[in-house]
Each structure stands twice: as C-alpha cells, then as structure tokens.
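In the order they appear, the protein sequences are chains A and B. Quick note: the first sequence uses the working numbering, first residue 1, plus one each step. Quick note: the second sequence uses the working numbering, first residue 1, plus one each step.
Treat the hints as calculated values from the structure; they're not laboratory data. Heads up, a few of these hints could be off.
Unchecked claim - List of simulated lysine-lysine pairs, DSBU-like, C-alpha gap at most 35 angstroms:
| hint | chain 1 | residue 1 | chain 2 | residue 2 |
| --- | --- | --- | --- | --- |
| 1 | A | K103 | B | K104 |
| 2 | A | K121 | B | K104 |
| 3 | B | K103 | A | K172 |
| 4 | A | K172 | A | K26 |
| 5 | A | K104 | B | K152 |
| 6 | A | K104 | B | K104 |
| 7 | B | K152 | A | K152 |
| 8 | A | K172 | B | K35 |
| 9 | B | K175 | A | K175 |
| 10 | A | K26 | A | K192 |
| 11 | B | K175 | A | K26 |
| 12 | B | K159 | A | K26 |
| 13 | A | K152 | A | K27 |
| 14 | B | K103 | B | K192 |
| 15 | A | K159 | B | K121 |
| 16 | B | K172 | B | K159 |
| 17 | A | K27 | B | K103 |
| 18 | A | K175 | B | K103 |
| 19 | A | K27 | B | K152 |
| 20 | A | K103 | A | K26 |
| 21 | B | K152 | A | K192 |
| 22 | B | K192 | A | K175 |
Source: prediction; values computed, not measured.
There are 2 protein chains.
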Amino acid sequence: MHQPLIITIGREYGSGGREIGQAVAKKLGISFYDKEIINLAAEKSGLSHEFIASNEQRVKSGLVHNLSASAAYSGGFFSHHYLPLSESIFISQAQVIRDIANKKSAVIVGRCADYILSERKNTINVFIHAPIEARVERIMRLYHLDEAAALKAIATSDKERGNHYFRYTDRKWGKAQNYDICINSALMGVEKTVEMLVNLAQIEERE
Amino acid sequence: MHQPLIITIGREYGSGGREIGQAVAKKLGISFYDKEIINLAAEKSGLSHEFIASNEQRVKSGLVHNLSASAAYSGGFFSHHYLPLSESIFISQAQVIRDIANKKSAVIVGRCADYILSERKNTINVFIHAPIEARVERIMRLYHLDEAAALKAIATSDKERGNHYFRYTDRKWGKAQNYDICINSALMGVEKTVEMLVNLAQIEERE
Numbered sequence: 001m002h003q004p005l006i007i008t009i010g011r012e013y014g015s016g017g018r019e020i021g022q023a024v025a026k027k028l029g030i031s032f033y034d035k036e037i038i039n040l041a042a043e044k045s046g047l048s049h050e051f052i053a054s055n056e057q058r059v060k061s062g063l064v065h066n067l068s069a070s071a072a073y074s075g076g077f078f079s080h081h082y083l084p085l086s087e088s089i090f091i092s093q094a095q096v097i098r099d100i101a102n103k104k105s106a107v108i109v110g111r112c113a114d115y116i117l118s119e120r121k122n123t124i125n126v127f128i129h130a131p132i133e134a135r136v137e138r139i140m141r142l143y144h145l146d147e148a149a150a151l152k153a154i155a156t157s158d159k160e161r162g163n164h165y166f167r168y169t170d171r172k173w174g175k176a177q178n179y180d181i182c183i184n185s186a187l188m189g190v191e192k193t194v195e196m197l198v199n200l201a202q203i204e205e206r207e
Numbered sequence: 001m002h003q004p005l006i007i008t009i010g011r012e013y014g015s016g017g018r019e020i021g022q023a024v025a026k027k028l029g030i031s032f033y034d035k036e037i038i039n040l041a042a043e044k045s046g047l048s049h050e051f052i053a054s055n056e057q058r059v060k061s062g063l064v065h066n067l068s069a070s071a072a073y074s075g076g077f078f079s080h081h082y083l084p085l086s087e088s089i090f091i092s093q094a095q096v097i098r099d100i101a102n103k104k105s106a107v108i109v110g111r112c113a114d115y116i117l118s119e120r121k122n123t124i125n126v127f128i129h130a131p132i133e134a135r136v137e138r139i140m141r142l143y144h145l146d147e148a149a150a151l152k153a154i155a156t157s158d159k160e161r162g163n164h165y166f167r168y169t170d171r172k173w174g175k176a177q178n179y180d181i182c183i184n185s186a187l188m189g190v191e192k193t194v195e196m197l198v199n200l201a202q203i204e205e206r207e
C-alpha cells in the first residue's frame with residue numbers, strides 16, 4: 001500500500017492558493033491544513049494560539065537568526081526548551097506536519113511543508129502565484145481594501161513569507177526548482193487550476 | 001480571430017524540456033523553434049551561423065556587460081551596428097521571435113522568448129526542470145557520458161543559461177513568477193508532462 005499522498009502548497013498572498021488548496025482537498029476527499037496547524041502546534045508546544053499566530057511569521061531577516069546563534073542556549077530571554085521562540089514554533093509545526101503525513105492524505109498550505117517533507121515519497125510540492133494586478137484585484141475584493149492598501153499588504157506578505165521560508169530552509173521562496181509544479185493561477189483561473197492539480201494527484205496516486 | 005498561440009519553454013539542461021517542446025508542438029500541429037532561430041537570426045544579421053552558435057550563450061557575467069556600457073559606441077573591436085556582438089545577436093534573435101509570434105502558432109525553446117514576448121497575449125510561458133539525479137541519468141544516456149562529465153556539463157549549462165537570461169532580461173532564470181507554469185519533468189515523466197501542456201494549450205485556445 002502507498003503511503004498517504006501529501007500535496008504541499010506554497011502561495012503568494014492574493015494568488016488564490018489557499019482557496020485552490022481547499023478545493024483540491026475537497027475534490028480528492030482528503031484533509032486540508034493551514035492555520036489549523038498553528039493550533040495543533042500550539043497544543044504540542046504549550047504556547048498560546050494567539051502568541052504563535054502573532055509571532056510565527058514575523059521573522060525579521062538577520063535579527064532573530066543572529067540571536068539564535070549566540071543566545072540559543074543561554075536561556076532567560078528566550079527560554080522555552082532553550083531555543084529562541086521562533087525556532088520552537090517552527091520545530092513544533094514541523095513535527096505536526098510530519099505526524100499528519102504519516103497518518104493520512106492531506107493538502108498542507110504554507111509553513112515550509114515542502115521543505116519539511118522534501119525527502120518524502122508520494123508528495124507533490126506546488127507553488128501558486130499570480131501577476132500583481134490579479135493579486136491586487138483579489139485582495140481588494142475579498143478584504144474590501146483600496147488599491148494602495150492591497151498593494152501594501154501584498155508587499156508586506158511577500159517579504160514576510162520570503163524571509164520566513166529562507167530563514168528555515170535556506171532556500172529561495174518561489175524558486176521553480178524547489179517545487180514539482182508552479183502555476184500562475186491567473187492563466188486558467190482558480191477552477192481550472194484546481195482541475196489540473198486534481199488530475200495530477202490522480203496520476204500520481206495510480207502509479 | 002485569436003492571434004497565434006505561442007508556448008515558450010525555458011528548460012534546464014537534461015530536464016527533457018526540448019523533447020517536451022517538440023512533442024507538444026507536434027501534438028498541437030504547430031511549429032517548433034530552437035536552434036533554428038539561430039539560423040534565422042544569422043541570416044538577418046549577416047553573421048555566420050557558426051559564429052553565433054559558438055558565441056550566443058557564452059556571456060560571462062560582468063565582463064561583456066561592462067564592456068557594452070563603456071564601449072558600445074566606440075566601434076572597432078565590437079563593430080557590427082556599433083553594438084557589442086552579443087547584443088547584436090540578441091537583438092536579431094528577438095526580432096526573429098517577434099516575427100514568428102506575429103505569423104503563426106509555435107513552441108519556442110530558450111532564447112529568452114518568455115521575456116521577449118512578455119507583454120503578448122495568448123502566450124504560455126513554461127519552465128521545465130528536474131532533480132539533478134534525473135538530469136544526470138538523462139545526459140549520461142543521451143550523450144554517452146560518465147557521471148562526472150554529465151555533472152560538469154549540467155553545472156556549465158546552468159551557469160551559462162542563468163547568466164545569459166539575467167544579462168538580457170534582468171530577471172532570475174527559473175524564478176516561478178516569471179512563468180505561467182513550471183514543471184519538474186521527473187514527477188510525471190516526459191509523456192504525461194506533454195499531455196498536461198497540450199491540455200493547457202487547448203484550454204487557452206478555447207477561451
């Protein structure tokens with residue numbers, strides 16, 4: 001018997017990657033994880049959900065990294081398992097992702113899941129992006145923002161996700177070679193992109 | 001009536017991108033361009049095929065670029081339209097690619113075609129890559145090389161293609177956001193990857 005199929009989805013803010021992931025999971029009849037992982041990770045690590053939610057992607061490049069090298073084992077300021085807090089969170093999330101992958105088929109959005117499961121068989125790593133105009137339009141519509149606010153939210157998110165990914169994986173976020181398939185969701189639209197990914201998953205499942 | 005459909009394919013050496021491009025063109029019943037473009041460009045620019053073939057991707061990062069800034073209009077060493085030779089070749093190739101795109105549907109492999117046609121409608125920009133093991137295996141098989149030679153050829157090609165692309169486009173080669181779809185050809189294999197791209201092209205054609 002195959003081990004469970006895992007589809008990881010990295011995505012640009014406003015690309016529809018989360019919606020695509022949800023629809024793919026639903027069509028395949030498998031589980032879907034996104035923010036839920038934060039909650040599971042929180043339970044494991046004993047940190048409050050709110051704290052993790054507000055800290056887990058606020059990695060400023062350099063700062064925390066330097067601190068982690070020099071102060072990881074000094075306790076005090078960092079505490080929690082003698083690791084910097086952001087490291088603790090990442091390790092908990094990674095453990096949750098591995099636990100899911102051992103148990104059942106699932107779509108997992110974000111959280112460097114592609115990297116965490118990079119040696120795993122029966123895993124399809126997906127990255128969803130879209131041209132800036134399409135992302136702005138989507139964010140304006142979904143969150144009732146004006147254009148300037150949407151642009152700002154996108155710039156902030158790109159920077160945070162890129163920093164977070166690089167910090168924990170030492171790889172460049174959105175580099176094609178790190179994924180099995182990268183798609184501009186604006187090419188075919190959300191629905192047809194979902195269809196393509198479902199077909200792809202079914203090909204992989206059959207083999 | 002639609003303007004012709006153009007599929008551009010950037011590809012890593014040993015990923016099967018060229019073979020995939022040829023098969024996609026054949027299945028769609030459209031033209032295929034790769035080295036042919038060099039010949040057409042050569043005819044236009046008056047440079048010999050051999051000369052272009054041996055020079056067009058030998059862009060050493062920095063060197064030619066610096067020379068082009070300082071010496072582009074000094075004639076002599078560079079001559080040919082008062083542009084550095086590599087610039088002349090690129091400009092000729094770009095013109096050929098635009099001419100093709102105006103006239104007929106085609107698959108165009110390499111030559112920064114995605115960038116040259118980046119503002120064009122009815123264009124699908126594809127990037128094909130594969131894990132290093134799959135690329136080595138393919139190169140060894142196709143060119144009867146041993147593993148060390150295959151690895152060396154791949155490293156040289158990656159560097160040359162990356163430099164060439166960056167030099168003319170100021171964009172990073174293999175960055176997902178520069179393409180509509182990027183695929184690891186080892187995921188499904190050449191045949192199923194061709195199928196997926198043909199389906200994608202047919203969806204685009206219908207719309």
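Hint by hint, here is what the structure shows:
1. A:K103 - B:K104: Between A:K103 and B:K104 the Cα gap is close to 51 angstroms, so the pair fails against 35 angstroms, i.e. violated.
2. A:K121 - B:K104: Judged against 35 angstroms, a Cα distance of about 42 angstroms means the pair is violated.
3. B:K103 - A:K172: Distance ~38 angstroms between B:K103 and A:K172 Cα, so the pair is violated.
4. A:K172 - A:K26: Given pair A:K172, A:K26 holds - Cα atoms ~30 angstroms apart, limit 35 angstroms.
5. A:K104 - B:K152: violated (41 angstroms)
6. A:K104 - B:K104: This hinted pair is violated, its Cα atoms lying about 48 angstroms apart.
7. B:K152 - A:K152: violated (44 angstroms)
8. A:K172 - B:K35: holds (31 angstroms)
9. B:K175 - A:K175: holds (5 angstroms)
10. A:K26 - A:K192: holds (15 angstroms)
11. B:K175 - A:K26: holds (30 angstroms)
12. B:K159 - A:K26: This hinted pair is violated, its Cα atoms lying about 42 angstroms apart.
13. A:K152 - A:K27: Judged against 35 angstroms, a Cα distance of about 34 angstroms means the pair holds.
14. B:K103 - B:K192: holds (29 angstroms)
15. A:K159 - B:K121: holds (29 angstroms)
16. B:K172 - B:K159: holds (12 angstroms)
17. A:K27 - B:K103: Between A:K27 and B:K103 the Cα gap is close to 41 angstroms, so the pair fails against 35 angstroms, i.e. violated.
18. A:K175 - B:K103: Roughly 33 angstroms separates the two Cα atoms, so the pair holds.
19. A:K27 - B:K152: violated (44 angstroms)
20. A:K103 - A:K26: OK: A:K103 and A:K26 at ~18 angstroms, within 35 angstroms.
21. B:K152 - A:K192: violated (40 angstroms)
22. B:K192 - A:K175: Cα-Cα ~23 angstroms, so holds.
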